[in-house]
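Trainee: So the chains spell out like this:
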Amino acid sequence: MGFSLTETRIDTAALSQAMARPHSGGFVSFAGWVRDHHQGRAVSGLSYAVYPALAQSEGESILDEATQHFEIDAARCIHRTGNLAIGDCAVWVGVAAAHRDAAFAACRYIIDQVKARVPIWKHEHYADGRSAWVDCAGCHPMAPAERYSRQMAVPGFGDQTQLRLKQAHAVIIGLGALGCPVADLLASAGIGRLTLIDPDLVELSNLHRQPLYTEADCGERKVTVAAARLRERNRALDIRVRPHAYHAGNAAELLRGADIVLECTDNPACKQLLSVTARQQQVPWLIGGLYRHQGALYVAPQSAAHGLCWDCLNADTGESCQDAGVLGPVPAALGAMLAHQALLQLAQLPSPVRGAWNVLDLRNGSWDRIEPRRRRHCQCQGSAENWSIQALDPELHWLDLRTQAERAQQPLRKAEAVSREQLHEAGFLKPEHHYLLICSRGVRSDTATRELRQAGHVNVWSLDGGLSRHAQRPGDAQVASDCGCDSRRASA
Amino acid sequence: MSSITVRYFALLQELTGLESQRLELSANDTADTVYQRLSQEHGLSIAPTRLRVAINDRFADWTDPLNPEDRVAFLPPMSGG
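From first to last, the protein sequence lines are chains A and B. With my numbering applied, the first sequence covers 1 to 492. With my numbering applied, the second sequence covers 1001 to 1081.
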């Protein structure tokens, strides 16, 4: 049994020894001891109250999650009940893994989750003869009203709404520039459960725009650090971390049971995938994007049937922060707006910005609404079920035949720039690959496609009409050429 | 008549002076309505936003309907570790 409760002394040496496995190259353990002080008061001992059946099942769930999320070989946790003296071991966590990173991360995850989620309560006995239930100071006379009083004074945000927020589950994809303020504000507002998804480690270059992290966090997992900071902000929350990318393999599972999902990455493929999955699962979704001094926000309409897919929505510039740069105040402002919209949605209040792009420019403080348009041929509107991630056809290699000047004017990040001469070089086109040739008006790509097909390359197509036919407005290049409809193969 | 069992832990056990009690179920009762009645009966001032609820040894929502013989528990903020 991975998780257990015990009334007797925890034998940490024996537990450690039992974790040894031939496959494991590392072992990390954490032991929590009873200390003689708490918030400035001298502590003489403590006792734990426990709800055994629920503690057991919740403890096992946490170990299962750790085994699933981290590459570890074994995990064990044992928690004391009853009366303990100073120096006694109160809780022990052990993790064995092939490599140390996973062992450290999983051990940290387990102890944090156990403290927050397992129904065990600490009753401290103080040297002055008094005693108290730890972390219940805020339970007395309507503490939530005190904690959230300014929020609950806003019309529509009274007792019932605060309870609704506590029962809500928000999923945040990406704990970077946008994810930091979003997670911080939602945790502060009392959203009961947060799932944080991000595979990245904190880097020095993140710090100017990602306020949940400090210099000391560099090299640590973002989700682990973020969860610890958010728990300091609001201990009452149930915060789960997923140190993985959001991808087709876990997209549906991660949205199960979610009341809202916020896409905060700088990755268009992730936004595209979320737009499909959230529409299929009917989870309200929000997307944010950043570009230098500007940020864009999209809040899906409440009915999935009225929402557009990402490829129709995409007004992306084709560059990420990494390429284009961004100033720290932009994500701070846009993240606050995303969090605000999420609160309105969870509070079941109307919002005038739903269903359109809203672009914030911090240089002049403008806030412009841009109505997205459904692309020709795209079936997304009103028929979410007809749409699938297959439509993106990730197997297709895009080759951009345009000149450097044309590319600079209308970037197409996903495409590889090539010349017509290169296409004919022996070995350039791989017979096992499929190619889409792209130019501005479809003339060059069409000619090249015909030449290549005559030369025996059958897996080559031309984007019919080129970018100019598909792009609706500047910056829409990616909209058209990401299109999942059949038109791009029509001229083959 | 159908009734449920309510269990108390930690601070709530201390405040109510009870480990558990039986309670008559009314039509359309949820954990939320039951907690409102009990907080009046025992003079509890803890808002439900501070608590979690479990029904039959599983975490549940405040709005979940209750059935006869359900075991309901209201859980103060946890403080293990």
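Treat the hints as calculated values from the structure; they're not laboratory data. Because the structure is a prediction, the values reported are computed rather than measured. Misleading hints may appear alongside valid ones.
Have a look at the derived ranges for each label pair, beta carbon to beta carbon [said to hold, decoys possible]:
#1 B/G1017 to A/R130: 16 to 22 Å
#2 A/G156 to B/R1058: 54 to 60 Å
#3 B/N1056 to A/P350: 35 to 41 Å
Backbone N, C-alpha and C fix where the C-beta goes; we use that ideal spot for every residue, glycine too.
Trainee: Does each hint fit the structure? Answer for all of them.
Mentor: Verification of the hints:
1. B/G1017 to A/R130: 16 to 22 Å: holds (19 Å)
2. A/G156 to B/R1058: 54 to 60 Å: violated (31 Å)
3. B/N1056 to A/P350: 35 to 41 Å: The hinted range 35 to 41 Å holds for B/N1056 and A/P350, with Cβ atoms some 38 Å apart.
Checked against the numbered hints given earlier, the structure breaks only hint 2 and satisfies all the rest.
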